[in-house]
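Enquirer: Sequence:
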Amino acid sequence: MIHLTIKNLGPVKNTGMMAISPVTVFCGPQGSGKSTIAKVLSSCIWLEKSIVKQEVSEKFYTQYSRFRKLCAYHQIEDFFRTDTYINYDGDAYTFEYVGGRLHVSRKGDHTEYLLPKVMYFPAERNFMVSIEQADRVRNLPPALVTLQEEYIKALGGLKNPFPLLDGFAIEYSKQNKITYIVKGTSRVRVHKAASGFQSLLPLLLVSNSLSFGISKNKTETLSAEERTSLRKRIDRIQNDSTISEHLKTIMIEDLSKIIAPKCLWSVVEEPEQNLYPHSQKEILLSLLKDRKRNIGSGLVMTTHSPYVINYLSICVKAYQVAESLSACDDVSKVDDIIPEESRLASQDLSIYEITKDGDVRSLETYDGIPTDSNFLNLALSETNDLYDDLMDIEDETRRSN
Numbered sequence: 417m418i419h420l421t422i423k424n425l426g427p428v429k430n431t432g433m434m435a436i437s438p439v440t441v442f443c444g445p446q447g448s449g450k451s452t453i454a455k456v457l458s459s460c461i462w463l464e465k466s467i468v469k470q471e472v473s474e475k476f477y478t479q480y481s482r483f484r485k486l487c488a489y490h491q492i493e494d495f496f497r498t499d500t501y502i503n504y505d506g507d508a509y510t511f512e513y514v515g516g517r518l519h520v521s522r523k524g525d526h527t528e529y530l531l532p533k534v535m536y537f538p539a540e541r542n543f544m545v546s547i548e549q550a551d552r553v554r555n556l557p558p559a560l561v562t563l564q565e566e567y568i569k570a571l572g573g574l575k576n577p578f579p580l581l582d583g584f585a586i587e588y589s590k591q592n593k594i595t596y597i598v599k600g601t602s603r604v605r606v607h608k609a610a611s612g613f614q615s616l617l618p619l620l621l622v623s624n625s626l627s628f629g630i631s632k633n634k635t636e637t638l639s640a641e642e643r644t645s646l647r648k649r650i651d652r653i654q655n656d657s658t659i660s661e662h663l664k665t666i667m668i669e670d671l672s673k674i675i676a677p678k679c680l681w682s683v684v685e686e687p688e689q690n691l692y693p694h695s696q697k698e699i700l701l702s703l704l705k706d707r708k709r710n711i712g713s714g715l716v717m718t719t720h721s722p723y724v725i726n727y728l729s730i731c732v733k734a735y736q737v738a739e740s741l742s743a744c745d746d747v748s749k750v751d752d753i754i755p756e757e758s759r760l761a762s763q764d765l766s767i768y769e770i771t772k773d774g775d776v777r778s779l780e781t782y783d784g785i786p787t788d789s790n791f792l793n794l795a796l797s798e799t800n801d802l803y804d805d806l807m808d809i810e811d812e813t814r815r816s817n
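For the sequence shown, the working numbering begins at 417 and goes up steadily by one.
Simulated from the structure, these hints should not be mistaken for lab results.
Do not take every clue at face value.
Stated by the list, open to error - Once the Cα atoms are required to be at most 30 Å apart in a straight line, the calculated BS3-like pairs of lysine-lysine come out as: (1) Lys533 x Lys632; (2) Lys569 x Lys590; (3) Lys429 x Lys569; (4) Lys599 x Lys648; (5) Lys772 x Lys708; (6) Lys608 x Lys575; (7) Lys772 x Lys749; (8) Lys678 x Lys485; (9) Lys429 x Lys733; (10) Lys749 x Lys599; (11) Lys664 x Lys569; (12) Lys678 x Lys733; (13) Lys608 x Lys705; (14) Lys608 x Lys632; (15) Lys485 x Lys632; (16) Lys708 x Lys749; (17) Lys485 x Lys569; (18) Lys429 x Lys485; (19) Lys664 x Lys485; (20) Lys575 x Lys599; (21) Lys569 x Lys599; (22) Lys475 x Lys533; (23) Lys705 x Lys475; (24) Lys648 x Lys705; (25) Lys575 x Lys678; (26) Lys469 x Lys485; (27) Lys429 x Lys475; (28) Lys523 x Lys648; (29) Lys664 x Lys648; (30) Lys533 x Lys485.
Since we're looking at a predicted model, the values are computed, not measured.
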């Protein structure tokens, strides 16, 4: 299991040591640091993978301010301060950022390490759908550019309509490079569709495409001789002083593509964005299904939605109920509520709340189920309190008259 500690980075004051479970959720007030934590985690998982694949050396990001520059991919390089501290304890490496420098420590022989594909889904993902030919827009955030590339690749791989929610689907015209939302005889260009479709489309399509792609290719492995040959070729590139660092990165990444990832780590900002509560449930179940498709995969989410937390509780309860049934019991009733591929063991879920002061606390559980007393549910209960206050004022007014 991955563990992560962050202190004094942007709005984040002190996370404590967080256990990053296969499904990990960060919730809290606006601007409290949810996305900052997710972006650091994504950067560290990517860096660990890149070192294992020998795309970069163990020492490369320990020099100068290269780790901060790595975090510029997520536009958080200006969040670093002189007292910023980060500790990432992964499966293959431990990273410690302290005193403005990154320290890297190797763990074991990496034989148990599952090479991941890391995919970050920024909240701005609907931009690439709401504007036709958004790939021609310059100076987009790097994470959005990467997602856009994967989205275009996934569209190009479609052979049949891709199902969305409630009978809707997408079709892609390769000849005209136009995407449509379809339902029955209705057909609308995606940039004219509802904002909820524009938000969920790249998320559903890319997550599904990557998880299926990994499940098909993960059996392809290199022989010992092929792996040794690859290492030698990468070493020659890394030690060639006539090649710029930027070109080295491109050449090494191109070489290492032949090493297929074994799992998918998806980091999703606000999966509920612009979605009706029922649709939030459906997209959550789809993301959980994609995670389960490949052993070792992870799903990290930031959210403002109490529905996401409550639906996760239902997924855990469904797992517990299904596990409690005997072999002769009918599990189909549970399947009708939460399908097996989307059910979630309680030990595979962690939910963290970020306070207004930038501290982080783990959401309490009861019998493995996340408790109702979290920031988001309390925000919902505030409406009842406000309504009661207004009723009290009304009653007092009537009595006084």
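Enquirer: Of all the hints given earlier, name the ones this structure violates by number, lowest first.
Expert: 3, 4, 5, 7, 9, 14, 15, 23 and 24
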